[in-house]
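> Once you've looked at the hints, dock chain B against the given chain A.
First to last, the sequence lines map onto chains A and B.
Using this note's numbering, you'd call the opening residue of the first sequence number 1 and step up by one each time.
Using this note's numbering, you'd call the opening residue of the second sequence number 116 and step up by one each time.
It is worth saying that the hints were derived from the structure and are not from the lab.
Remember, it's a predicted structure, so these values are computed and weren't measured experimentally.
Each residue gets a CB set at the ideal place from its N, CA and C atoms; glycine is no exception.
All the pointers check out, no bait thrown in.
Computed footprint of chain B on chain A; a stretch qualifies when at least three of its residues, placed anywhere within it, have a C-beta under 8 Å from a C-beta of chain B:
(1) 39-48
(2) 103-115
Counterexamples of contact, computed for chain A against chain B with all Cβ distances above 10 Å:
(3) N18
(4) Y22
(5) G53
(6) E54
(7) K56
(8) L58
(9) K59
(10) T62
(11) Q64
(12) A68
(13) K70
(14) D71
(15) T77
(16) Q80
(17) T84
Pulled a few chain B residues facing chain A out of the computed Cβ check, cut under 10 Å:
(18) R124
(19) L158
(20) E163
(21) L205
(22) C206
(23) A207
(24) S209
(25) F220
(26) G222
(27) G224
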Amino acid sequence: TQLLEQSPQFLSIQEGENLTVYCNSSSVFSSLQWYRQEPGEGPVLLVTVVTGGEVKKLKRLTFQFGDARKDSSLHITAAQTGDTGLYLCAGALTPYGGSQGNLIFGKGTKLSVKP
Amino acid sequence: KAGVTQTPRYLIKTRGQQVTLSCSPISGHRSVSWYQQTPGQGLQFLFEYFSETQRNKGNFPGRFSGRQFSNSRSEMNVSTLELGDSALYLCASSTWAGPLNTEAFFGQGTRLTVV
Numbered sequence: 001t002q003l004l005e006q007s008p009q010f011l012s013i014q015e016g017e018n019l020t021v022y023c024n025s026s027s028v029f030s031s032l033q034w035y036r037q038e039p040g041e042g043p044v045l046l047v048t049v050v051t052g053g054e055v056k057k058l059k060r061l062t063f064q065f066g067d068a069r070k071d072s073s074l075h076i077t078a079a080q081t082g083d084t085g086l087y088l089c090a091g092a093l094t095p096y097g098g099s100q101g102n103l104i105f106g107k108g109t110k111l112s113v114k115p
Numbered sequence: 116k117a118g119v120t121q122t123p124r125y126l127i128k129t130r131g132q133q134v135t136l137s138c139s140p141i142s143g144h145r146s147v148s149w150y151q152q153t154p155g156q157g158l159q160f161l162f163e164y165f166s167e168t169q170r171n172k173g174n175f176p177g178r179f180s181g182r183q184f185s186n187s188r189s190e191m192n193v194s195t196l197e198l199g200d201s202a203l204y205l206c207a208s209s210t211w212a213g214p215l216n217t218e219a220f221f222g223q224g225t226r227l228t229v230v
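So here's chain A without its partners, still in its complex pose (with noise of 0.2 Å):
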């Protein structure tokens, strides 16, 4: 049973256009984490959310986190080439301890962005 379903599976889109990536769930979050990975490397944390309906920006990033916090968006704008990589997005089923254990991953997006 997949708990956090992750849409779309692959992305491919020129240099500058704008896109979405989501992460959704029927479980109840504590919290949410975005990762970016490129090949042949891990994943590298992004941003955390932790309040519903939270929205936090990295530079042309927007993370938001759903209000009844099931799920997540990731909104990039104006992408360039460099964005290339799998997006990954992983929840924590409890707010109590930080045990990776339940620590949920999706499967990712896998983003192409062409010059």
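This is chain B only, laid out in the frame that chain A set:
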């Protein structure tokens, strides 16, 4: 501050052999988790260690095992290798500094190929 170090980066083994992978977490991090990443299944949790104790375990067969040493370094072992064990194995460390601190810092991974 050094990041998470995994060794080796690449490994080729034959079916039936066993393999040991190593992970050195970020200094001061006491929680170490292991994940298996494949194109079809995405990131799947193997187990997590904290202060030399396994706190959580994913849904993998007993051929997959791990341990953590007093200096927080961790190893994972896979015995009787199968072709399906070919994957990128990722180690992640965390401070576990508070109830909502679940951010994972990943190493570059070990690419295991079973032939």
